[in-house]
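Colleague: First to last, the protein sequences are chains V and B. Here the first sequence stands for residues 0 to 417, where the numbers follow numbering that gives the first Met the number 0. Here the second sequence stands for residues 0 to 417, where the numbers follow numbering that gives the first Met the number 0.
Hints in this document: simulated from the structure, not taken from any laboratory. Fair warning: there could be bad hints in the mix.
Which copy is meant is left open, because identical chains are indistinguishable; a pair holds if it fits in one copy or across any two.
Stated by the list, open to error - Straight-line Cα separation of at most 25 Å, BS3-like style, residue types lysine-lysine; simulated pairs: (1) Lys297 / Lys323; (2) Lys116 / Lys407; (3) Lys407 / Lys323; (4) Lys297 / Lys155; (5) Lys41 / Lys155; (6) Lys155 / Lys323; (7) Lys225 / Lys313; (8) Lys202 / Lys256; (9) Lys202 / Lys225; (10) Lys202 / Lys313; (11) Lys225 / Lys256; (12) Lys202 / Lys297; (13) Lys183 / Lys116; (14) Lys181 / Lys155.
Protein chains: 2
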Amino acid sequence: MPLDATTLTTLTSEALQRCDDLAALTEEPGRITRTFLSYPMKEVHTLLSMWMREAGLTVRVDAAGNIIGRLEGTQDTRALVIASHVDTVPNAGKFDGVLGVMLGIALARGLQISGQKLPFALEIMAFSEEEGVRFALPFIGSKAVVGSLTSEMLEKRDANGVSVAEAIQHFGLNPFDMVNAKHKALLGYLELHIEQGPVLESKNLALGVVQGIAGQTRASLTLTGKANHAGTTPMNLRKDALVAAAQVILEVERFAKSLPNLVATVGMIEVTPGAGNVIPETATLSLDVRHLDNATRKRAVAEILDFAWQIARKRDLAFKHEIKLEQNASLCDEMLIGFLGDALEDSGRKRFELPSGAGHDAMIFADVTRTAMLFIRSPGGISHHPSESVSVGDTRAALEVAYLFLEKIASAPAIIWQ
Amino acid sequence: MPLDATTLTTLTSEALQRCDDLAALTEEPGRITRTFLSYPMKEVHTLLSMWMREAGLTVRVDAAGNIIGRLEGTQDTRALVIASHVDTVPNAGKFDGVLGVMLGIALARGLQISGQKLPFALEIMAFSEEEGVRFALPFIGSKAVVGSLTSEMLEKRDANGVSVAEAIQHFGLNPFDMVNAKHKALLGYLELHIEQGPVLESKNLALGVVQGIAGQTRASLTLTGKANHAGTTPMNLRKDALVAAAQVILEVERFAKSLPNLVATVGMIEVTPGAGNVIPETATLSLDVRHLDNATRKRAVAEILDFAWQIARKRDLAFKHEIKLEQNASLCDEMLIGFLGDALEDSGRKRFELPSGAGHDAMIFADVTRTAMLFIRSPGGISHHPSESVSVGDTRAALEVAYLFLEKIASAPAIIWQ
Numbered sequence: 000m001p002l003d004a005t006t007l008t009t010l011t012s013e014a015l016q017r018c019d020d021l022a023a024l025t026e027e028p029g030r031i032t033r034t035f036l037s038y039p040m041k042e043v044h045t046l047l048s049m050w051m052r053e054a055g056l057t058v059r060v061d062a063a064g065n066i067i068g069r070l071e072g073t074q075d076t077r078a079l080v081i082a083s084h085v086d087t088v089p090n091a092g093k094f095d096g097v098l099g100v101m102l103g104i105a106l107a108r109g110l111q112i113s114g115q116k117l118p119f120a121l122e123i124m125a126f127s128e129e130e131g132v133r134f135a136l137p138f139i140g141s142k143a144v145v146g147s148l149t150s151e152m153l154e155k156r157d158a159n160g161v162s163v164a165e166a167i168q169h170f171g172l173n174p175f176d177m178v179n180a181k182h183k184a185l186l187g188y189l190e191l192h193i194e195q196g197p198v199l200e201s202k203n204l205a206l207g208v209v210q211g212i213a214g215q216t217r218a219s220l221t222l223t224g225k226a227n228h229a230g231t232t233p234m235n236l237r238k239d240a241l242v243a244a245a246q247v248i249l250e251v252e253r254f255a256k257s258l259p260n261l262v263a264t265v266g267m268i269e270v271t272p273g274a275g276n277v278i279p280e281t282a283t284l285s286l287d288v289r290h291l292d293n294a295t296r297k298r299a300v301a302e303i304l305d306f307a308w309q310i311a312r313k314r315d316l317a318f319k320h321e322i323k324l325e326q327n328a329s330l331c332d333e334m335l336i337g338f339l340g341d342a343l344e345d346s347g348r349k350r351f352e353l354p355s356g357a358g359h360d361a362m363i364f365a366d367v368t369r370t371a372m373l374f375i376r377s378p379g380g381i382s383h384h385p386s387e388s389v390s391v392g393d394t395r396a397a398l399e400v401a402y403l404f405l406e407k408i409a410s411a412p413a414i415i416w417q
Numbered sequence: 000m001p002l003d004a005t006t007l008t009t010l011t012s013e014a015l016q017r018c019d020d021l022a023a024l025t026e027e028p029g030r031i032t033r034t035f036l037s038y039p040m041k042e043v044h045t046l047l048s049m050w051m052r053e054a055g056l057t058v059r060v061d062a063a064g065n066i067i068g069r070l071e072g073t074q075d076t077r078a079l080v081i082a083s084h085v086d087t088v089p090n091a092g093k094f095d096g097v098l099g100v101m102l103g104i105a106l107a108r109g110l111q112i113s114g115q116k117l118p119f120a121l122e123i124m125a126f127s128e129e130e131g132v133r134f135a136l137p138f139i140g141s142k143a144v145v146g147s148l149t150s151e152m153l154e155k156r157d158a159n160g161v162s163v164a165e166a167i168q169h170f171g172l173n174p175f176d177m178v179n180a181k182h183k184a185l186l187g188y189l190e191l192h193i194e195q196g197p198v199l200e201s202k203n204l205a206l207g208v209v210q211g212i213a214g215q216t217r218a219s220l221t222l223t224g225k226a227n228h229a230g231t232t233p234m235n236l237r238k239d240a241l242v243a244a245a246q247v248i249l250e251v252e253r254f255a256k257s258l259p260n261l262v263a264t265v266g267m268i269e270v271t272p273g274a275g276n277v278i279p280e281t282a283t284l285s286l287d288v289r290h291l292d293n294a295t296r297k298r299a300v301a302e303i304l305d306f307a308w309q310i311a312r313k314r315d316l317a318f319k320h321e322i323k324l325e326q327n328a329s330l331c332d333e334m335l336i337g338f339l340g341d342a343l344e345d346s347g348r349k350r351f352e353l354p355s356g357a358g359h360d361a362m363i364f365a366d367v368t369r370t371a372m373l374f375i376r377s378p379g380g381i382s383h384h385p386s387e388s389v390s391v392g393d394t395r396a397a398l399e400v401a402y403l404f405l406e407k408i409a410s411a412p413a414i415i416w417q
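Work the whole structure out from these sequences, hints included.
Modeller: This is the structure in structure tokens:
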């Protein structure tokens, strides 16, 4: 039985108020900045722990500083995890990560109010770290839960020379207890998150089901020609690295537009010697290519590199490239995608799926269990910025759809969720 | 009567040896760096003065630190000036400027050896400053001679806070005597200079007659779109400033190639925010356009700006530009160009004319007298670099042609050189 309208409205308003409350807990006055186990995270734990207990959850904090509220099921000790992160980028908005955790608690509270029982356990997790700001090591929280946080990672140091392990000790936790942070019995994983992009807004939709998290290739391309006097060197005797780079930049756009959902970006360019009256000798470009299908992404990178190589050959320049990052896509679970889509339709909304171009904790969990994500429209596509926002109506819709999703799994034949 | 082959060979070898000798006089051990009235310039004066006297010239130093050797004519006190500069850029080559002065002295020595008399006076000038390194104020030397050095310019200060006037005093000269540096009776101006570009080499020619010094426009162009996440923003929802800039860069090349002798260069590009995973919000480009014909140059700039404006409109970006420098072309004198061309043909060489894309002292003199320039092939087009060079054969050819040129003016009906 779905949540009644009044409960939905009350829980939505409470969840958004709590995003405001947490936004006040920051390392930097006047801006929201809350990195891994920084001192404001203590108070975050105090509030989360209180809210989780009020929702009927049993609270624990693991060795990575994740705070977890658990509700036992009627038949199965395995847990469906509903989670996101509570750390932030510097000068962040209020909703990235935090909203997902608040909606998780609201869902537990909804079950409590309605008296609905789940056959499996439910765990609401607030990850201590996802953004990678303090240690340039993202996903510390979710990696601890899936058991992929290595001892090498625990030795990484921040700008002040403090290691991850030391930060954990300073927070009053025991890094040697990390083995117990690893979850022993997972049933699945759901994350509710703002889209951080403009797609839902452009489609005039509140919600979308995430197909998976796009794979990503990052590379650096360098074209080398010959520096020469801009006044004395005729056009036909030049080897201008920047003009060649311009052709590559346009090809990156052209190729990306030729395939659905492919994105490719040159975000950085550096030219030497870099004087107005000297023909550029070198041009170095960054390349960022993402797609949900690994083969498509790899083909795109190969085609762009081949184009750059051909341009270099035509213009008698040297060309080299370096792959900086190669990360495969992480697909969401077909069954859970189906349940989320059904829940959208049941609530009178359009079934809509989209890829995620940014990374999320869900992709860490995809290695060990079924995952699903529900995206909530981001006004203006804005995120990682104080003006990041979400509407009350969209938040309420997310809560409604996620609750329907929980009921769908719970009432499905046991064979499915087992 | 042309110089005999042995004299030509001897004078060429002497001129090149003297370029070596002056290269040893530098502010920086191991590199050639000789800025306006720096201490090595004292010794330069000592050597120049000696060489000028040996060539039968009467030597004077003016208030701007120019050193001038004069040979009186048989009929006219007005002077044909043969000149170039003896200051250098930091880490310079041996020949830029210096070779022209050494060839001027060699021409005087040639007249002395052959006993040839000129109806007009001949003045060999070594300008103290052309490069603009010390005071970011180029052409101090030649401006003093034509009388365009203002008292405001004399107050400009170098990196150590020393003014031009103080530098002149420290060198032992009197800046209040600047009025006497202005030449009272000019007949014309000839400058022999290495090309500092690849044109003569590409045409397999030792020498070329300069048509004039190209006019120049320098501008800054800024395209402004919208920064967004490179992973979450689909291609069709982007306002990427760099992709628009790439179209402008290619148009700059395309348009410049469409008109003879037009050169246009984007030498600098800066993108913000400048991160690999963020779509560029702004792209700022430098633009350098040069042509001997002012109307052609202005049309090129207008067409490029119009193209950028259209691209910005198509992509819904903002566009603005700023003109940083607008300098009209300085044409050489048709009659002197003709005499130089005749001299080339008389010596069995091809008559060939080309524009100069770089500035020279000749353009300062063009405001007050007839000017001419003879370019000498630059191997590899290389200049402003220690590997700058010139061949013995090409230097000898320049000396031969310049001597024939002197004879041609001298033997022309007096109406012409009067």
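Colleague: Taking the hints in turn, state whether each one holds.
Modeller: Here's how the hints hold up against the structure:
no.	hint	in the structure
1	Lys297 / Lys323	within (14 Å within a copy, 44 Å between copies)
2	Lys116 / Lys407	within (12 Å within a copy, 111 Å between copies)
3	Lys407 / Lys323	neither (42 Å within a copy, 67 Å between copies)
4	Lys297 / Lys155	neither (31 Å within a copy, 58 Å between copies)
5	Lys41 / Lys155	within (22 Å within a copy, 61 Å between copies)
6	Lys155 / Lys323	within (20 Å within a copy, 49 Å between copies)
7	Lys225 / Lys313	within (15 Å within a copy, 33 Å between copies)
8	Lys202 / Lys256	within (18 Å within a copy, 44 Å between copies)
9	Lys202 / Lys225	between (48 Å within a copy, 20 Å between copies)
10	Lys202 / Lys313	between (42 Å within a copy, 22 Å between copies)
11	Lys225 / Lys256	between (32 Å within a copy, 18 Å between copies)
12	Lys202 / Lys297	neither (28 Å within a copy, 46 Å between copies)
13	Lys183 / Lys116	within (22 Å within a copy, 107 Å between copies)
14	Lys181 / Lys155	within (20 Å within a copy, 71 Å between copies)
Of the numbered hints listed earlier, those contradicted by the structure are 3, 4, 12.
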